[in-house]
Structures are given as C-alpha cells and as structure tokens.
Amino acid sequence: MILIISDIQEGKLRSVNAEVYTAAVALGKETGQPVATVLLGASGLKELAATAGNYGVEKAIVVEDAGLAPFSPDAYAAAIAHVIRETGASVVLMGATFTGKDVMPRVAQHLDVALVQDVINVRDEGGLVFTRPMYAGKVHADVRVQTSPALATIRPKSYKPAEQAADVAVEPMSVSVPAAKVQVVAYEGSSNGKLDVTEADIIVSGGRGMQGADKWGMLEELADLLGAATGCSRPVSDDGWRPHEEHIGQTGKTVSPDLYIACGISGAIQHVAGVSSSKFIVAVNKDPEAPIFKVADYGIVGDVFDVVPVITEEIRKVKG
Amino acid sequence: MNIAVCIKQTPDTTTRIQVADGGGEIVDDGIQWIISPYDEFAIEEALKLTEANGGEVTIVSMGPARVEKTIREALAMGAQKAIRIDCESIPNDPGVTAKVLAEVLRGRGFDLIFTGRQAIDGDQAQVPGRLAHLLDWACVSVVIDLAIDGDKGTALREVEGGSERVHFTMPAVIGANRHLNEPRYRNMRGIMKAKRIPIEVVQVDAPAPQLEITSYSYPPQKGERKLFENGASDVAEVVRLLREEAQVI
Ligand SMILES: Cc1cc2nc3c(=O)[nH]c(=O)nc-3n(C[C@H](O)[C@H](O)[C@H](O)COP(=O)(O)OP(=O)(O)OC[C@H]3O[C@@H](n4cnc5c(N)ncnc54)[C@H](O)[C@@H]3O)c2cc1C
Ligand SMILES: Nc1ncnc2c1ncn2[C@@H]1O[C@H](COP(=O)(O)O)[C@@H](O)[C@H]1O
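Residue numbers (the working numbering), protein chains in the order written: chain A, 1 to 320; chain B, 1001 to 1249.
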C-alpha cells in the first residue's frame, strides 16, 4: 500500500496534498498498489477526507485523538509510525512542507529506515527511484532506498494535481499518542494569508535593482494581477526591504514555480540555485551582461521602472 | 550549560558543482570548503548562551582529516573544545550521521545540541530530528528565535508564510536558521587561540547506509533562451510568448 500523510494546517488541507495524492495515485497504477491517506488531528477530519477522493485516493484513515492538539511533531511522528506499522504500507509520502520535513525524519528514525526529502520525481525502475535536487538545485540525484517502507517527502509544485473522482472509504483508527516534548502553541502569520513562495505557481521577485522598499508597490501590483507571490534576493531581505520569508536562494527558500519573474536581480549563483527548478524564468535587468540572463528563458534588457509597469499593462490587456 | 554544536564541512556557496563523468559522484577537487552556513548560526547561538550562563561549547564534525581546517574556523569564533569523528568520507545518508552523532554525544553531559536546519550540500534536513529521536530529546528546527528557561524552552520556527511559536522540554536539539542571530567574525586573537585547542579524534563503527545515490546529473536544460534588447517596447511580444508559447499566464 502507498500511504500519504495528509498535511493539515489550521484545519485545512495544504495545497501540496493534491500534488502528493496525484503522485501517489500515479505510482499506485505503475506498481499495482492501493493508495490510502491518513489524516491526523484532534477532530473534524472526516470532512477533509473527501478531498483526497477528488484525486483518486480510495481510502482515508482518520486518526482523531485529543493528544494530537496542539500540533506536536514528535507526538505526530509516533502516531504516524504506528499507522505505518498497522497498515504495512510499503511506500509513505508526505508534502515537503516545513511540517513534512520536520516530522518525517522522526518517523524515519522511529522505523529505522531511509527517508528521501524534497523529491521532485518518483518512479518504478525495478525498484523505486527518487529524484531530488541537491546543492540547492545545482545538481539532481537519483536515490534508491534499501529499507522498507520507502519514505519520501514530495517538493511542492513538482506534480500537477490531476482530478479523478474516487469514492473514499473512511476508516477510523486509534493509536497511542505519547506525551509531547515539542508543541506548536501559535501560528504567527506575518504575511497575512498571502501565498508562500514555495506554494505559488508564479513568483514576482525583486533584487537590489529595485532600489528600495518603497518601490515594491509595482511588483505587488503585478503579483496581484497574476495571483502570484512576491519574492526577493538575499540583500533585499537583509536590508529589511522585504520580510525574510520572501528570501529565495541557497540560504533562503528553494522554489519551483511555473513562472519566475526576476526584476533587478543580478543572478548570483546562490540566488540562481534556489530558482533553477522553475519551469520558466523571465528576467528584467538593465545590464545585458547580468548573469541572470544565462538562466532566463526570456530576458528583457531595460530599466525595471520602465519595463515592469508595461508588463502589468500588457498582461491586464490579454487577461481582459 | 554545556553545548555541542554539530557542523558539516560543505563546498562554498559559489562553487560550481561538477558531476564526474558517468554521473557516479561529485568531483571534489578544487572545492573551497566552508562551515555549512546554517551551522554558523548554531555556533553563534551556543556561544551567546554560554557567555550568558557559563559552560562550554564543543564543536563536533564527522569527516576525514580535511575537516579539521573547518573545525578550527569554528573554534576561532570562540568555542572551547572540538571532536572530529573520523571517517573516510562524509556520509551522504543522514541516518548514518545521526546514529554516529548520537553514539558519540550520548553520555557526555550536554544540555543542548545545536545543528543547522540543513547542510547546504545534501539539503537533507534530517539530522536534527533523527538525532533527537535517538537521544529521546526534544527537537525544534528551522529556529529563528530561541529562549531557554531552566528545563523548558520557547522557540520561533519558520514555516510557510510566517512562523510557529513552539514550546519544548530540555534537553533539546535545536536546528538553527538564518535570522536566529548575526554570526560574529573570526578575529586574529580567536584564530591564534583556536590553533592551540586539541581536536579529539573519535573512531566509531558507522552503521551501513540505508540509501544509495545511483547517479548525479545536471538539471535538464530548457529550451532556447531569448534576449529582448529593447526594454519596454519588447514587452508586448514577451507577454504574447508567455501566453501562447510558454503558456504560463
Ligand atoms: C554564503 C552566501 C549565501 C548566499 N545566499 C544567497 C541566497 O540564498 N539568495 C540570494 O539572493 N543571494 C544570496 N547570496 C548573495 C549573492 O551572492 C548576491 O550578493 C545577491 O544575490 C545579489 O542580490 P541582487 O541581485 O538583488 O543585487 P545585486 O547583485 O546588487 O544586483 C542588482 C541587479 O540589478 C540591476 N539593476 C540595477 N538597477 C536596475 C534598474 N533600474 N533596472 C533594471 N535592473 C537594474 C543591476 O544591473 C544588477 O544586476 C549569498 C551570498 C553568500 C556569500
Ligand atoms: N558530517 C557531519 N558532522 C557533524 N554534523 C553534521 C554532519 N552532517 C550534518 N550535520 C549536522 O546536521 C545538520 C543538518 O544536516 P542534514 O540533515 O544533512 O541536512 C547540519 O547543519 C549539521 O549541523
């Protein structure tokens, strides 16, 4: 069985779940295995199970236990390890969100098995092969695991969600939840429900060429029009022009949007490492020799203050 | 308060990573080695805590003799002791690293262990969680703010779109993120002092790896790149291509 750990944040399924369900259902077809998901929490999970059905998942195991609130990575890891043992799952997948990447190493150590983090592709080649970026995306590695079950986290935006209706059988399970050593007591969203760069299909990003915090209105307008998130280079967040959650690159976030629009970003190797798995890159820079043009699919040589407003205007036109 | 800081030697961030012919490995000739950047935040936080509360900071790194240069750089920031866990090459299975670190660090009386949120070569982000599980300690990683009060602690950790406030019990493994602090510079005095600190070399039998990297490759090359040199007057064409050719808007 392929088991997906659903990632629930503030009572809602994160967007990455649809991608992981899709990856799991495809792998289930390829390897002839049934696919189930497990939802864990204190209460109110049955309603969420239907979503998994929209992506072809046929079974939802619901673990409701008062000990699972507030969220605790170690208590959840113990509960997840219990479910894995109980179901005999051979493959376990979760989204490579901050939560997934925090919980799954603990699950892996509970079971004393390998874990492959941030997978962008998984396939069966006489045994599962997981592809993951390393060195912030400068290279890709193919990984095989020697232990069972095979555990992996799937990087957000690596799979396109494919809707395919299935009837989900909901099955409650009870587990023993240990006392938590770590508890999340509050979520402090600093960007007020704005899309995170790791979850966005499009990112409008600015560098030092934007010349100051007060110039971001232009990028935010374009981002709003595209339903995009805003990102930035490291010096921009270091100087406090933008919040640090927006910092992209080797020492910031690694992103894989469909479209990355880099405005006034030189394209230093540490920045490019974090955006190299974007499907499409557009760069605006006044220096025709800027290294960002070596990685941009479309490069526009020009002043951001002339070019960006016209991009917004033209997109507004085509979007009608 | 006695604190261990686990550091990994990684290639400098400006390094162009080269895949060996055949894809079996990464070429490590000519690489400039550094302390993995997140580990510097870990060292700084440990130094600050011992400066405020007393105690010592011990740097721990698993790797061949060449990592001693990197250990000395960490010592030059002000740490008092160092351990190198000897091995032929740095493991690329974080499970192996965590088990070895747990074996070496267990029973040495540490109150706190710092790591980086992830090492910037493997980008695994697994060692802190696994290590804490093996020690039966708490673990909070990707930490941007930390306060410890007796047998309890509070941390802020980065998550999508914001941060989580976390309560935890001591002892704990803390994975440091950027913005936790501003790592200090190494001054001449620190560098000279670090030269005289003995590095304890520990031999261990490492467990077998549970995963294998079968090949490395460069990310797939994309289609032809187009450069538009007329600024704003080319934008209409770029937008048309984005819509019709690339189909991303
Ligand atoms: C250990 C380490 C880790 C690092 N990690 C990261 C990381 O994770 N992410 C990251 O981004 N950086 C990182 N860096 C920093 C990186 O090396 C670069 O310094 C940084 O990316 C440069 O940011 P920038 O492109 O915004 O600024 P600059 O390099 O100053 O570039 C500004 C660009 O804007 C252009 N420009 C100026 N004015 C205009 C205008 N009016 N119109 C159009 N174009 C204009 C210029 O031609 C230039 O190309 C790291 C560095 C180190 C040492
Ligand atoms: N070989 C090593 N020696 C000591 N500490 C390590 C080693 N590898 C990883 N670590 C620590 O574990 C953290 C996370 O590494 P990883 O899980 O490999 O991304 C690093 O930032 C280090 O603090």
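FYI, nobody ran anything at the bench for these hints, they're computed from the structure. Computed from a predicted model, the values in this text were never measured in an experiment. Some clues are possibly wrong.
[What the hints assert, rightly or not] Chain B stretches covered by chain A per the calculated footprint, using a threshold of three residues with CB under 8 Å from any CB of chain A:
#1 1116-1124
#2 1158-1169
#3 1209-1216
#4 1221-1232
#5 1238-1247
[As the list claims (entries may be wrong)] Mimicking DSS-like on lysine-lysine, the simulated pairs with C-alpha atoms at most 30 Å apart in a straight line are:
#6 A:Lys279 x B:Lys1222
#7 B:Lys1099 x A:Lys160
#8 A:Lys317 x B:Lys1193
#9 B:Lys1193 x B:Lys1081
#10 A:Lys294 x B:Lys1222
All C-beta atoms, glycine included, are put in the ideal place defined by N, C-alpha and C.
Q. So which of the earlier hints does this model not fit?
A. 7 and 8
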